[in-house]
Every structure is written in C-alpha cells, then in structure tokens.
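Protein chains: 2
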Amino acid sequence: MTEFIPPGTRFVDLPSPFPMKRGGALHGARVAFETWGTLEASRGNAILIVTGLSPDAHAASTGDDPSPGWWEPMLGPGKPIDTDRWFVVCVNSLGSCKGSTGPASIDPATGAPYRLSFPELSIEDGADAAAHVVRALGITRLACVIGNSMGGMTALSLLARHPGLARTHINICGAARALPFSIAIRSLQREAIRLDPHWNGGDYDDSRYPESGMRMARKLGVITYRSALEWDGRFGRVRLESDRRDDEDPFGLEFEVESYLEGHARRFVRRFDPNCYLYLSRSMDWFDIGDSIGGSTEAGLAALPIERALAIGVQTDILFPLQQQQQIAEGLRAGGVDAAFLPLESPQGHDAFLVDIERFGPAVGGFLASL
Amino acid sequence: MTEFIPPGTRFVDLPSPFPMKRGGALHGARVAFETWGTLEASRGNAILIVTGLSPDAHAASTGDDPSPGWWEPMLGPGKPIDTDRWFVVCVNSLGSCKGSTGPASIDPATGAPYRLSFPELSIEDGADAAAHVVRALGITRLACVIGNSMGGMTALSLLARHPGLARTHINICGAARALPFSIAIRSLQREAIRLDPHWNGGDYDDSRYPESGMRMARKLGVITYRSALEWDGRFGRVRLESDRRDDEDPFGLEFEVESYLEGHARRFVRRFDPNCYLYLSRSMDWFDIGDSIGGSTEAGLAALPIERALAIGVQTDILFPLQQQQQIAEGLRAGGVDAAFLPLESPQGHDAFLVDIERFGPAVGGFLASL
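For the protein sequence lines, the chains are C and A, in the order given. So for the first sequence, the working numbering puts the first residue at 39; every next one is plus one. So for the second sequence, the working numbering puts the first residue at 39; every next one is plus one.
One chain only, chain C, in its complex shape (with noise of 0.2 Å):
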C-alpha cells in the first residue's frame, strides 16, 4: 500500500485511543497538515482549511515544498486568503492516504495495512481529527473554518461538535447534508471499484490493483464536477488525431473530451488508494448536520455558534447544487447567524472553486477581509 505523503507535511498525532462516532477507535493515528504565515502573539489570526475528498494537506507552496499547491492562486502573500495577515493551517482528512491515518495505514495491532478493519469513517470523525491539530497549535479561537465540497461538510461538523472554536465559516460548494442524487453518483463509483475483481475485498495490491474500477470511478467524478457548458466551449466535437487513436478498437476513444477523461484517469489511479476513496465516499453519504442535534438539517444549521458566514455556490455544480449553499446561509441566518449566501456564474461547475479564481477570490478575499 503506498501512501502519498507531500514533502513539506507535518504531523500531529491524535489521542489514542480516538474514539470514532459509528463505534471503534483508532490507535496510534496521525492527522497531517501544512501552515502558511506566522501565528500572531494572540493567537487571534489563524484560519483552518478543510478540504474535498481528494486533496492532500499542501494546499499551496511552502519553503520546505516549493511545488504549487491544489489552491496556489488563492492562497499565499497578498492573495485571496493573505498569509501576511492570516496563520493558515490545512490539514488532510483523516481516512484519507495523504499522510493522515485511514485505511492504507498499518494497524499496530496487526503490523499489516487497516484495508477494510478500518473503523467506519464519518465525516465527523474528520471534524474532530481536524479540531484536534488547531488545538494542539495552540490556537483555542480561530478566526475562521473554511470547507470546499465535503470540507463543506467537515466544517459543519467542526462548528457543532467544537463550539466556539471557530468565529466565522466559509462554506464552499459544500452541504449540509448529502443529496441522494449525490449519493447515487458516489454510490455507483463505488461499485464500480467493488466489481473490480482486482479489489478484492480490498485486499489488492501493486501488482494486483482494481485500476479499472478507480478509472470508471475517477470519470465519473471529473464528469460530475464539471459541467456540460464548459465542456463545449473547451473541448467542442474536436476529434483525436489519427495516431492517438486506437483502430483496432471501435468503441476506442475518439473524441478529444474522452482522452480528456482518460488522462485524468490515468493520473489518479495510482495516486489515491481505493479503500480510502471508498470510506471517505461513503462518509459524505451519512452527513447531515442535523444528526448534531438529533434533529432536522435546518435545526442543526440554527444550532451552530458562529458570528459569520459566507456560503458560496456554482450554479453549473451538479454534484452539490446551489440550493445546497442557499440552504446553508438560511440555516444559519435562522439561528441568529450573520450569514450570506453568494451564488456564482461560474461555467465550471462544482469544481470552479480551484480554478475559477477570478470569481472566488474576491469572494473570499473580501470575506476575510472584513473580518
């Protein structure tokens, strides 16, 4: 099993044993993170980012690891989220195989790789790894949480399960609970990847490894986090060139949006473990903030101790629609919270959060900003 751990990252480890919300607990479990900025006296300037399903914690670049980050245009000096003013703290999600423990990991109760004697993973258990790494910064009262898509989710649940330890939320394409048309989409990548027969109940390996399932699982996400009007204007009915093209094969790619696919396939497969996808799948599945409070989602959004908020949606995101983000400020608007909800033309669908800068930055940017 290998993991894919950048350069620059830190670790913190987690009480042990850490109790896990379905039942189980780890032992010996590590959260990994990176930080840009410096942590002012007062320990008032500090902002946690939590991320999506897939990313690592090097959400941009550092002295120890120069490489660019998954979020290097919006974070940084002088960008949207400004590492003069801001100490910023990114941490990888627990279950996932970037550096924090999950399912790739070795058991020390066995020597041997979790797979699937992981515990159940929720989104909460996310929460409170990633609550655990501020606390053990020092940092009692952060300025702000920011979640992207299930990050979305993982701060949610930060702010029921910590309160108080975060004053203001930017939610970013996230959601307050899943969708069962979300689910149904994570769902299906998921069988996909089961029926792989190199799976094998997760017990593959290097040389037997379910790269068909990830493949057919990995589209899926890339098609479901863009969109079909960004899809025309870049790619249109372009057709691969002849010696890109397989002629002995008559369902083979033909279409420049289909080696499109392909590639980004191709670079992923390898690069995140299939049990780890699995779990962190079906986690966001589970999610819904109303489970904090054994109530409705609304209530669990009302119940949520924070001065404010910004919820930030797409309107070309399939995967977690607008309405989504809208029900988030109006949630927490019904619990006294200042809190808007901005919804954005962005061609790019759920995904525009990484690369449509020119829209998200100032959005962010001026949240922060103001605070």
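Worth flagging that the hints you see were computed from the coordinates, not collected in a lab. This structure is a prediction, so every number in the text was calculated from the model and none was measured. One thing to keep in mind: the hints can contain errors.
Because identical chains share one entry, a pair is satisfied inside a single copy or across any pair of copies.
No farther apart than 20 Å at their CA atoms in a straight line, the calculated lysine to aspartate or glutamate pairs in the EDC-like style are these [what the hints assert, rightly or not]:
(1) K59 to D285
(2) K59 to D394
(3) K117 to E368
(4) K117 to D103
(5) K117 to E279
(6) K59 to E292
(7) K59 to D329
(8) K59 to E345
(9) K59 to D145
(10) K59 to D326
(11) K59 to E158
(12) K117 to D394
(13) K117 to E292
(14) K117 to E396
(15) K117 to E78
(16) K117 to D287
(17) K117 to E268
Add chain A to chain C, keeping to what the hints say.
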C-alpha cells in the same frame, strides 16, 4: 441473443441492400413499427414518432397489445397526440433489439448474430430506415415528425435527408449535435460494458452475459436522465429497512435511492442487448446536423425545409441541456422556419417528457391542434 419484440409489432422490409452512411450495407433488414388511428384518404393526417435509445415501437396500447406503452398518457383518443384525428406511426430504431434489425439480429450471410460485424451505425441510417417505413405506408408527406431525445437527432436528420417528407417538427429534449459532456457520459457507459469480462468483445450469450457492465451503464443512464431536485423530494435520505440490506457487505445498498437505481438496472440489463446499446450510444456521439450540408450545426439547421417547428426542453436536463433545444429553434428560424422554443420547468430532468405529462401534454397537444 434474445430480442424483445412487443406482441403487436409490425414490420417493413428495408430495401436490400440498405446502404449505411459510414460504409457497408444491410441485407434483408427490417424495421419494427406500430400505428394508432386511421390514415385519411388524403393521407394528410400522419405523424411519425422516433424514439430515444431504448424504447420499442409500443408507444401506447393497441388492440393487438393492450399493455400500456412507454408514452401511454400522451398518445390515444382525446390525448395530446389525439388518435381520433391523427394517424400515428412509431418506429423502433434501426440498430435496436426490439424488432428492428440490429447487432443482435441474425446476419443472413452467416446465419449467426451480427454482433460487432454489424456495420457502423449512424443516426442518419435510423432516419433513412424510418423514412422508408413512412413511404411504405403510402405516406408522402407527414403532418409532423416528433423526436424525443436521440429521436430528436433522428428527426432532424430525416428532415435533412428526406426534404418534403414532413411539414412540421416537434423536437423534445433533443439535440442538433452531441455535446462533449454527453459524449463523456456515454463513453463511460460503453466503457463499463466493454470492461465487463463477460462482454468478451461482443461474443456473449445468456449464460455468460455482461450483466455488471450493463448494470453500471444503466445506473449511470438513470442518474443522468433525472435530476438532483426531483430525487431530493422523492427519496430524501430515507434508509432501506434492515431486512432489505445485506449486513455482511460494508458498502452495500443503504439508501432508498440506491435501491431504486438497482431495481431500474436489474429490470433493464437482460431486456436490452449490450452490443445494440453500444452501437446506438455511439451513433449519438457522432451526430451533428451540420454534417448534412458539410457545414456548421447552425447552417445545417437553417437548411431544413419545413414550415413550422417546436423545440421543447427542460431546465433540469443535464444530458441534453436546454441550450440545445434553444439552438434548434434559433437555427430553424434563421432558415425561415416558424420555430418556437419552449423551456419547461419540470423537475424530472431529461426524462421529464415521459412523466411530466402535465407540462408536456399541453405543449405537444397545443402545437398539433394548431396544424
């Protein structure tokens, strides 16, 4: 190879050889169809319906086959497509497995099923085959050709290749060319089938059948035929009762929406031939009405010689998005056609035309009543 032919189906033999657009020809091929209503002596009251990928010719119940058809609420005496006035013909697409000749049919040259030796299938071939049925019934001028989804492509192609055969056209959730987003989805469906070891290069039988691949393809289809909005109201986050769950499978079905998809897929996989699915799916990717004049999509639309048209789309359709029906109406208008674009607010996505009769009925019925 099983074909699935409704009991009331009738047949028209195609000319033999029947040349195919991309090369090759069919010998001894036929097209399945059904009719409703009575053809006037003037033969001026005929309507042709061309379908989406999977339907058969049984659009509505008949005396020969009283079982409900796939468009039962839309078609019949006093219904929006009123068979007291209109003589209606519905054809099963060439290349399908519901009575018309396709890859699952017997190749008379070999006495064995065509499988992948079937010639490359284009939307244009389906249009030529449908036009032949119309003429074989003694009809030289249709009052209207109605095309749904893939049938919207077939109808446009028929108008281009058989000028004068139809006076008017209703395009429902169709497209003048395939978009890269839709190509990506269909490409992934085809990949799921082809990855199934039981597909075996197209050489399967009932005992070794690409069931998993077809199930994946169908689930992805159903996901893209519907919408997030509809499913939230319909399924929410309801869990399956414990007696419907497999507690031994940690990633098994848990939510009602997963069970719904599974049920849909199970009903489909043995009722549609996998090779036919591949051929029909690919034919959509290739389609661009601009090819009919060797020019742009817009120019292809502007060249279509009809009097009036109506293009209907649905705001929640992610597979044939609304902009595509708008493009059809605008393109036809640029060619001097009296063409209207009607966007509907149905929550049901691409499949709305099958279920949202409340909106589609008046739209289709109103247009036909005005002829």
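Any of the earlier hints contradicted here, and which numbers? Hints 2, 3, 5, 8, 13, 16, 17 contradicted; others consistent.
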